[in-house]
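**Q** Sequence:
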Amino acid sequence: MMKTMPLLLTLSLLATAPAHAINAKYREQLERSGCTQVSELQGCDIHKSKAENAKAGFVTDATPAATQAAPAHGKASYQQQLERSGCTQASELQGCDISKSKAENAKAGFTTTSTAPAASTGSPYAGEWIATFPQTGATVAKIRIDAKDQVWVNGKKVKAKKSDGGLMFRDGMVSYFIQGDRRLQNQDYWTDTDAGSKGPINAQ
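What the sequence shown shows, in mature numbering (1 follows the signal peptide of the UniProt record, and there is no 0), is residues -21 to -1, 1 to 183, in sequence order.
I should point out that these hints are in silico values taken from the structure, not numbers from a laboratory. Where a beta carbon is used, it is the ideal one built from N, C-alpha and C, also for glycine. Careful, some of the hints might be misleading.
Stated by the list, open to error - Quick list of the computed label-pair ranges, beta carbon to beta carbon:
#	residue 1	residue 2	range
1	Y5	G134	48 to 54 Å
2	G134	Q114	23 to 29 Å
3	G151	Q114	47 to 53 Å
4	N2	K177	32 to 38 Å
5	K138	R162	39 to 45 Å
6	S28	L163	36 to 42 Å
Model the full assembly from the supplied sequences, consistent with the hints where possible.
**A** Written out as structure tokens, the structure reads:
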């Protein structure tokens, strides 16, 4: 036991050494880019120059003193990006892209824009949907729902019922749920009871 103590101490010192190097490099990137840790979370790119980030609205001045005001300015720009993209802070974390338009994000299922035409048919569920694996984005199933809430999964008609404020249906061991209130974001999902897996359903 006594012989292994020096070895363990050496290994622990080696393991902590890279963290200081990474922190120093990160600090240099912040200084060079004009970003702060806060503004980086809002979109400031530490791999770009101060001038580039200033042009994007994250840095108001190239001087160090002005970097204190950068987060507030960046936040305003970030808010504009949210409004333009149709994202929210929550949906951005789930994949909504603030650099894209509302229409593009609606197509990916992150805004209610794409569901507005469906609502005009009298059914909030009508349209084309796709269920995917959250880790890979691979397709689990393609879903079609008509104006009478009739459902087809991968071309096969399945029974559907309204429950818990949404439309529920099943194909084999996989059950699907689509939220009826289209103002609610990211409430559409599938569950495989056999595999114990779950993932999102997005409007097409």
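**Q** The structure should be examined with respect to each hint, and the outcome stated for every one.
**A** Here is what the structure says about each hint:
1. Y5 and G134 have their C-beta atoms about 51 Å apart, which keeps the hinted 48 to 54 Å range intact.
2. Between G134 and Q114 the Cβ separation comes to about 25 Å, which falls inside the hinted range of 23 to 29 Å.
3. Between G151 and Q114 the C-beta distance comes to about 21 Å, which lies outside the given range of 47 to 53 Å.
4. In this structure the supplied range 32 to 38 Å holds for N2 paired with K177, their Cβ-Cβ distance being about 37 Å.
5. Here the CB-CB span from K138 to R162 is close to 27 Å, at odds with the stated 39 to 45 Å.
6. S28 and L163 have their C-beta atoms about 41 Å apart, which keeps the hinted 36 to 42 Å range intact.
Violation of the numbered hints given earlier is confined to hints 3 and 5; the remaining hints are satisfied by the structure.
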